[in-house]
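Asker: Residue strings, one per chain:
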Amino acid sequence: MRSLSIAVAAAAATLVACGTDQPRPSRPPPGPPAFAVEINQPARLTSVETGEVDALGRPLRVACVTCHSLRAPTALPTSTAELDEFHQGLEFAHGELSCASCHVAGEQRTLRKADGTEVDMRDAMVLCRQCHGQQARDYDHGAHGGMTGHWDLSVGGRVRNHCVDCHDPHVPAFQPMQPAPGPRDRGSSRRTTMGNH
Amino acid sequence: MSGPNRRVALKVVGATLGAGAFAYAGRPVAQWAANLDLDEVLTRHYKELTPEDLAQILRRLEAETQETYGVDVRIEDIPPQDGVSFGYALNLSLCIGCRKCVEACHQENNHDRRTNNSYIRVLEMEQGSFDMEKGTVDYDHTVPAPGKYYMPVQCQQCDDAPCVTVCPVEATWKEKDGIVVVDYNWCIGCRYCEAACPYHARRFNWRAPEIPADEINPDQGYLSNRIRPQGVVEKCTFCLHRTRKGLLPACLEACPTGSRVFGTLLDPKSDIRWVLEHKRVYVLKEELGTRPRFFYFFDK
Numbered sequence: 001m002r003s004l005s006i007a008v009a010a011a012a013a014t015l016v017a018c019g020t021d022q023p024r025p026s027r028p029p030p031g032p033p034a035f036a037v038e039i040n041q042p043a044r045l046t047s048v049e050t051g052e053v054d055a056l057g058r059p060l061r062v063a064c065v066t067c068h069s070l071r072a073p074t075a076l077p078t079s080t081a082e083l084d085e086f087h088q089g090l091e092f093a094h095g096e097l098s099c100a101s102c103h104v105a106g107e108q109r110t111l112r113k114a115d116g117t118e119v120d121m122r123d124a125m126v127l128c129r130q131c132h133g134q135q136a137r138d139y140d141h142g143a144h145g146g147m148t149g150h151w152d153l154s155v156g157g158r159v160r161n162h163c164v165d166c167h168d169p170h171v172p173a174f175q176p177m178q179p180a181p182g183p184r185d186r187g188s189s190r191r192t193t194m195g196n197h
Numbered sequence: 001m002s003g004p005n006r007r008v009a010l011k012v013v014g015a016t017l018g019a020g021a022f023a024y025a026g027r028p029v030a031q032w033a034a035n036l037d038l039d040e041v042l043t044r045h046y047k048e049l050t051p052e053d054l055a056q057i058l059r060r061l062e063a064e065t066q067e068t069y070g071v072d073v074r075i076e077d078i079p080p081q082d083g084v085s086f087g088y089a090l091n092l093s094l095c096i097g098c099r100k101c102v103e104a105c106h107q108e109n110n111h112d113r114r115t116n117n118s119y120i121r122v123l124e125m126e127q128g129s130f131d132m133e134k135g136t137v138d139y140d141h142t143v144p145a146p147g148k149y150y151m152p153v154q155c156q157q158c159d160d161a162p163c164v165t166v167c168p169v170e171a172t173w174k175e176k177d178g179i180v181v182v183d184y185n186w187c188i189g190c191r192y193c194e195a196a197c198p199y200h201a202r203r204f205n206w207r208a209p210e211i212p213a214d215e216i217n218p219d220q221g222y223l224s225n226r227i228r229p230q231g232v233v234e235k236c237t238f239c240l241h242r243t244r245k246g247l248l249p250a251c252l253e254a255c256p257t258g259s260r261v262f263g264t265l266l267d268p269k270s271d272i273r274w275v276l277e278h279k280r281v282y283v284l285k286e287e288l289g290t291r292p293r294f295f296y297f298f299d300k
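Going line by line, the protein sequences match chains B and L. Going letter by letter, the first sequence gives residues 1 to 197 in the working numbering. Going letter by letter, the second sequence gives residues 1 to 300 in the working numbering.
Do not take every clue at face value.
[Unchecked claim] Which residues of chain B face chain L? A partial, calculated answer using Cβ under 10 Å: (1) ARG24; (2) LEU56; (3) GLY133; (4) ARG137; (5) ASP152.
[Said to hold, decoys possible] The calculated label-pair distances, taken between Cβ atoms and stated as ranges, are: (6) L:ALA63 with B:THR20: 25 to 33 Å; (7) L:GLU170 with B:PRO25: 36 to 44 Å; (8) B:VAL53 with L:ARG291: 51 to 59 Å.
Hint data in this document are derived by calculation from the structure and do not stem from the laboratory. For every residue, glycine included, the Cβ atom is placed at its ideal position computed from N, Cα and C.
Work out the full structure: start from the sequences and follow the hints.
Answerer: Pasting the structure below:
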């Protein structure tokens with residue numbers, strides 16, 4: 001009886017409801033940018049990992065100056081093999097560069113460009129740009145490097161990755177990784193089933 | 001005398017079994033009728049709903065989610081924004097096939113945990129080949145593998161979308177910001193659209209999604225990531241519940257390489273416009289004339 005009444009009601013509704021589209025509420029177009037694009041500041045620029053954790057379980061980091069202030073500055077080594085006290089075992093695979101290509105003896109918070117200009121460690125991206133112009137250009141247009149936040153800067157800001165977030169400056173190649181789990185649905189066996197159309 | 005009696009007995013037994021089997025076979029229909037809501041039967045097409053009707057439907061869906069999944073969610077209907085036409089580009093030189101986008105989509109869009117469903121499939125392709133038939137999606141080794149490149153494929157939000165054309169009930173359509181949407185309440189589950197899509201971008205809910213309560217994303221859109229019922233088709237919506245509020249899509253935020261570029265094609269200063277104007281971009285299966293809004297490019 002109930003299904004009958006539903007059927008009758010549905011039939012009646014079909015006749016009545018062949019209505020017209022309702023106007024949808026209009027939403028104004030994006031305004032001018034009101035929020036900034038920030039670049040993340042990786043901790044590794046000003047401190048090193050100790051491998052230990054603090055009382056709250058956060059990784060314990062030590063500022064570069066903590067150790068370097070205990071030793072008189074000496075000339076920079078030309079290769080990692082010469083490291084006898086700090087950063088022993090540091091891996092290095094960044095072209096033909098040597099330590100002094102970027103670092104300044106006795107200065108842990110300063111880097112040096114090829115033309116001798118000194119830059120703050122936190123502005124390390126200025127240094128990267130000297131050689132990696134194509135990547136820098138793409139980065140400036142949002143086509144290189146991860147980001148989070150808003151595409152519409154009139155609504156909210158955006159945070160960009162720093163070069164060093166993904167590329168260890170001493171071993172800059174993007175490291176291979178294990179992928180997240182793949183699909184387990186029935187269409188995802190060996191073949192992609194993307195052909196035959 | 002014994003003959004007719006046995007015949008009658010067998011007839012009675014047969015009839016009883018038959019009736020029992022019929023009742024058992026018809027059980028889903030009875031259950032379906034019991035769960036049927038008159039409001040649901042009488043509802044109009046999404047486009048014909050008044051704001052009041054729609055609000056009522058949203059509240060009903062929220063209550064149903066609470067009942068079924070035990071979670072308080074907020075389901076919104078977010079109309080497209082004026083002056084916005086979305087486009088997406090993907091840099092195949094940067095992509096390493098890590099499936100972080102796949103994972104982010106899975107979580108953001110309340111996908112079924114059992115099948116590990118996602119709107120994105122990453123094809124592992126052979127260097128020197130562009131045959132998608134030869135690509136594999138279930139690779140499970142360190143990436144990027146030597147001699148391979150990776151091509152994530154999701155809904156291309158075609159401007160001439162075959163999936164929309166074939167729908168017999170207009171349960172799927174293109175919105176004015178370029179996103180192709182599905183009304184899960186209107187879809188009859190015929191899967192014509194799934195067959196029509198040359199990019200294998202649509203998925204069918206063979207079962208109602210299984211998601212633990214604490215993993216459900218409570219920020220939901222009626223036309224996007226609300227939990228889909230069983231028996232309907234679903235697809236990528238460029239995360240419209242995020243992007244129509246100015247946010248980047250979840251897959252882009254998850255990408256560790258920055259392969260993904262998203263924005264509005266109508267803003268000449270947008271990143272996506274820069275890519276389209278300065279990179280050598282192409283679309284998948286251009287020869288089909290689907291006019292995708294999803295572009296691919298190589299750096300080198």
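Asker: So, for every hint listed, does it hold in this structure?
Answerer: Going down the list of hints, with the structure as the test:
For ARG24 of chain B, the suggested interface contact is upheld, since its CB lies about 5 Å from the closest CB of chain L, less than 10 Å. A cut of 10 Å between beta carbons decides the hint on LEU56 of chain B: the least distance to chain L is about 23 Å, and the hint is violated. Hint on GLY133 of chain B is violated. Least Cβ distance to chain L is approximately 13 Å, over the 10 Å limit. Among the interface hints, the one on ARG137 of chain B holds; its C-beta lies about 9 Å from the nearest C-beta in chain L, closer than the 10 Å criterion.
Against a cut-off of 10 Å between C-beta atoms, the interface hint on ASP152 of chain B holds, since the closest Cβ of chain L lies about 3 Å away. Range check, ALA63 of chain L to THR20 of chain B: about 29 Å between beta-carbon atoms, so the 25 to 33 Å window is met. Between GLU170 of chain L and PRO25 of chain B, the C-beta spacing of about 21 Å breaks the proposed range 36 to 44 Å. Roughly 53 Å separates the CB atoms of VAL53 of chain B and ARG291 of chain L, a value that falls within the hinted 51 to 59 Å.
In terms of the numbered hints stated before, the structure departs from hints 2, 3, 7, listed from lowest to highest.
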